[in-house]
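Engineer: Line order of the protein sequences matches chains A, B, C and D. Residues 7 to 194 in the working numbering are what the first sequence lists, from first letter to last. Residues 7 to 194 in the working numbering are what the second sequence lists, from first letter to last. Residues 7 to 194 in the working numbering are what the third sequence lists, from first letter to last. Residues 7 to 194 in the working numbering are what the fourth sequence lists, from first letter to last.
Just so you know, these hints were derived from the structure itself, not from any lab. Here a beta-carbon is modelled for each residue, glycine too, at the ideal position from N, C-alpha and C. One or more hints might be untrue.
Said to hold, decoys possible - Computed cross-link-like contacts, DMTMM-like style, restricted to lysine to aspartate or glutamate with a CA-CA straight-line distance of at most 20 Å:
#1 B/Lys124 <-> B/Asp96
#2 A/Lys152 <-> B/Asp96
#3 D/Lys118 <-> A/Glu173
#4 B/Lys40 <-> A/Glu64
As the list claims (entries may be wrong) - Far from chain C, some chain A residues (derived; all Cβ distances over 12 Å):
#5 Arg19
#6 Arg71
#7 Leu84
#8 Leu85
#9 Glu88
#10 Lys99
#11 Lys104
#12 Asp105
#13 Lys128
#14 Arg171
#15 Thr175
#16 Val192
4 protein chains.
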Amino acid sequence: MFVYPQIYRKLRRGPQVILPKDIGIIIAYSGADKGSVCVDAGTGSGWLAVGLARVCKEVYSYDVRPEFTAIAQKNKDLLGLENLVLKTGDVKKKIEEKDVDIVTLDMPESEKALKNVKKALKGGGRVVSYIPHTEQVKKYVQTLEKLGFLDIHIIEVMVREMMVRQEGTRPSTKGIWHTAYLVFAVKQ
Amino acid sequence: MFVYPQIYRKLRRGPQVILPKDIGIIIAYSGADKGSVCVDAGTGSGWLAVGLARVCKEVYSYDVRPEFTAIAQKNKDLLGLENLVLKTGDVKKKIEEKDVDIVTLDMPESEKALKNVKKALKGGGRVVSYIPHTEQVKKYVQTLEKLGFLDIHIIEVMVREMMVRQEGTRPSTKGIWHTAYLVFAVKQ
Amino acid sequence: MFVYPQIYRKLRRGPQVILPKDIGIIIAYSGADKGSVCVDAGTGSGWLAVGLARVCKEVYSYDVRPEFTAIAQKNKDLLGLENLVLKTGDVKKKIEEKDVDIVTLDMPESEKALKNVKKALKGGGRVVSYIPHTEQVKKYVQTLEKLGFLDIHIIEVMVREMMVRQEGTRPSTKGIWHTAYLVFAVKQ
Amino acid sequence: MFVYPQIYRKLRRGPQVILPKDIGIIIAYSGADKGSVCVDAGTGSGWLAVGLARVCKEVYSYDVRPEFTAIAQKNKDLLGLENLVLKTGDVKKKIEEKDVDIVTLDMPESEKALKNVKKALKGGGRVVSYIPHTEQVKKYVQTLEKLGFLDIHIIEVMVREMMVRQEGTRPSTKGIWHTAYLVFAVKQ
Numbered sequence: 007m008f009v010y011p012q013i014y015r016k017l018r019r020g021p022q023v024i025l026p027k028d029i030g031i032i033i034a035y036s037g038a039d040k041g042s043v044c045v046d047a048g049t050g051s052g053w054l055a056v057g058l059a060r061v062c063k064e065v066y067s068y069d070v071r072p073e074f075t076a077i078a079q080k081n082k083d084l085l086g087l088e089n090l091v092l093k094t095g096d097v098k099k100k101i102e103e104k105d106v107d108i109v110t111l112d113m114p115e116s117e118k119a120l121k122n123v124k125k126a127l128k129g130g131g132r133v134v135s136y137i138p139h140t141e142q143v144k145k146y147v148q149t150l151e152k153l154g155f156l157d158i159h160i161i162e163v164m165v166r167e168m169m170v171r172q173e174g175t176r177p178s179t180k181g182i183w184h185t186a187y188l189v190f191a192v193k194q
Numbered sequence: 007m008f009v010y011p012q013i014y015r016k017l018r019r020g021p022q023v024i025l026p027k028d029i030g031i032i033i034a035y036s037g038a039d040k041g042s043v044c045v046d047a048g049t050g051s052g053w054l055a056v057g058l059a060r061v062c063k064e065v066y067s068y069d070v071r072p073e074f075t076a077i078a079q080k081n082k083d084l085l086g087l088e089n090l091v092l093k094t095g096d097v098k099k100k101i102e103e104k105d106v107d108i109v110t111l112d113m114p115e116s117e118k119a120l121k122n123v124k125k126a127l128k129g130g131g132r133v134v135s136y137i138p139h140t141e142q143v144k145k146y147v148q149t150l151e152k153l154g155f156l157d158i159h160i161i162e163v164m165v166r167e168m169m170v171r172q173e174g175t176r177p178s179t180k181g182i183w184h185t186a187y188l189v190f191a192v193k194q
Numbered sequence: 007m008f009v010y011p012q013i014y015r016k017l018r019r020g021p022q023v024i025l026p027k028d029i030g031i032i033i034a035y036s037g038a039d040k041g042s043v044c045v046d047a048g049t050g051s052g053w054l055a056v057g058l059a060r061v062c063k064e065v066y067s068y069d070v071r072p073e074f075t076a077i078a079q080k081n082k083d084l085l086g087l088e089n090l091v092l093k094t095g096d097v098k099k100k101i102e103e104k105d106v107d108i109v110t111l112d113m114p115e116s117e118k119a120l121k122n123v124k125k126a127l128k129g130g131g132r133v134v135s136y137i138p139h140t141e142q143v144k145k146y147v148q149t150l151e152k153l154g155f156l157d158i159h160i161i162e163v164m165v166r167e168m169m170v171r172q173e174g175t176r177p178s179t180k181g182i183w184h185t186a187y188l189v190f191a192v193k194q
Numbered sequence: 007m008f009v010y011p012q013i014y015r016k017l018r019r020g021p022q023v024i025l026p027k028d029i030g031i032i033i034a035y036s037g038a039d040k041g042s043v044c045v046d047a048g049t050g051s052g053w054l055a056v057g058l059a060r061v062c063k064e065v066y067s068y069d070v071r072p073e074f075t076a077i078a079q080k081n082k083d084l085l086g087l088e089n090l091v092l093k094t095g096d097v098k099k100k101i102e103e104k105d106v107d108i109v110t111l112d113m114p115e116s117e118k119a120l121k122n123v124k125k126a127l128k129g130g131g132r133v134v135s136y137i138p139h140t141e142q143v144k145k146y147v148q149t150l151e152k153l154g155f156l157d158i159h160i161i162e163v164m165v166r167e168m169m170v171r172q173e174g175t176r177p178s179t180k181g182i183w184h185t186a187y188l189v190f191a192v193k194q
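Working from the sequences, and respecting the hints, build out all of it.
Structural biologist: Here is the structure:
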């Protein structure tokens, strides 16, 4: 299956990673570019942090669990990404960076980080959260609204593979139907 | 609908553009990054060229139709992308660049450009074609195989929007079911 | 669009109907057949009631709103379905039928009908609910579990159209992404 | 996974069967009902033949391979379907029934059966073909057009499962992305 394109195949992974399909959509829909300064939490195996660092100026990635940061550190070294800073810390308590362009959240109760996210983002800055369950999506969206975030959109990304073979052209029989919902919003 | 995230909403568009959902997946699955040199054809309204130029080192975008290059020029100027070079020309006849990392093709009979693409790409370089119809997908894939390209994968990207509203949380009723197939391959 | 196959095109419709895609899956997954006795609520425009009556032995369809029953009555007459009985009444208060094979529910707070549904169903009988929002799905499923229903499954049905045209074969660009979740369960 | 609802779980299956998701849509979109006389080919394990026989008046199911008919015979007996007639024969050569309401085709080169299908169907009768590959879809549709069939529509059916669990409500991670295209058409 073409779930892991070339660059991601060499990366190490812990129990769960954000897949390239979601990383690509996060990049395109958040407007990430070579000038972007990003904050990411939680790091996990670092796939999203690495994916962002490959196209952005600076990425600061937080995790409360140092054992995950170790896997992410290996992935950072593997790709030689000096603009990725791995930090141990809890963005619900504090985000040290200011005037940030993009914040990405993949953590339980990500809505509890939104006050700090709002302080860290510059005006027009964007926050993206990766949320598997509809209940958390709802809580998170309601918190975004309460805090005055704008342009709130929730999407899910489905990538289906097609096969061209001797016997004919057809979609692949099985595939991934769901990873998580992606929630995008903009700070006023 | 969240088909056009913020950065793309200000861009001009001709009759057809490659949507951000496909641009994001092209970036993630081709491994595009800040060091990448890309060739793109045809330019069209330049959305893909612009999307690539925002995250890559250099993008050279060809179109045989100068009237399209004019729209793309406006989009380039709007975003101030000096690393995007718009060229009038036919990649089926000639690609001037060498040692290219990524080639993207959105044109009829894109398989006829593959010989030149192979010459332009460096080893391990990747080519992506955006193809609406299954018949062209098949011809294109067969040409890739004949020319010795590896790691050939065909996907389609579906982005579905969810709504969180007073009356409840549910997927959006209608949406985009298909734009084109994306075919990825690697030069040996 | 092929959302309305032939037989349904002549039917009248109020503001909302259950589409043939969902009717077909309800028939196949509930095991409806020529021997089945069904209870349906709320009738609405009667599309599901009519769809069931065409393949089942008897269908008793309840609605609390007599103005809807009038549309359903026209659809019943149009197809000459004498085995469809349209009733004004609230299944949350009472279901008169006993030893029923299948109950279908398309109504707000359908979980409040489940106690009566359980009494009306025979052992091994099945209940299907058509529910647009995830919040109601959850409440409904929790009530099913509390009442000892088995084999609980929630699905959504997506039907995508393909086009074969002069210029090539491709999926239709736009389509219906969501109508409702279908929740199936079996009485012990 | 809820791919096999209750009634189908007890059926025997050979290497490939038409799944309930496709059977349900075939029933709803072909307009099958208690008065319908159907011809089906090839029988295979008989799941579609059985699914139709449960809701229709009579089903005549052909297969050229007697070893498949044996599995189908067991499924027929299991459900006690006396209105299902299993026949060894090739519908490309001959269909014995006349004034048929519905013909269903699941066989290689189903387009070669269409002349006989047209003779067997009554005016307004419908033919449905189950076709895995896009190439055969195209050939089949072109033959339908040549023979004057009307109201030609091609669809694919995707059924996605949702999970309501302690940790939250979300779509199932993996699932079936493709079985076959369903092509519907009407005889003038």
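Engineer: All hints, please: hold or fail.
Structural biologist: Hints, one by one, checked against the model:
1. B/Lys124 <-> B/Asp96: It holds: about 15 Å lies between the C-alpha atoms, which stays within 20 Å.
2. A/Lys152 <-> B/Asp96: violated (53 Å)
3. D/Lys118 <-> A/Glu173: The hint holds at about 18 Å.
4. B/Lys40 <-> A/Glu64: holds (12 Å)
5. Arg19: Arginine 19 of chain A is indeed farther than 12 Å from all Cβ atoms of chain C, at 29 Å.
6. Arg71: At roughly 30 Å from the nearest Cβ of chain C, arginine 71 of chain A sits farther out than 12 Å, so the non-interface label holds.
7. Leu84: holds (38 Å)
8. Leu85: Nearest chain C Cβ is 36 Å from leucine 85 of chain A, so the label holds.
9. Glu88: holds (42 Å)
10. Lys99: Nearest chain C Cβ is 31 Å from lysine 99 of chain A, so the label holds.
11. Lys104: holds (37 Å)
12. Asp105: holds (37 Å)
13. Lys128: holds (34 Å)
14. Arg171: holds (16 Å)
15. Thr175: violated (9 Å)
16. Val192: Valine 192 of chain A is indeed farther than 12 Å from all Cβ atoms of chain C, at 24 Å.
Against the hints set out earlier in the document, violations occur for numbers 2 and 15.
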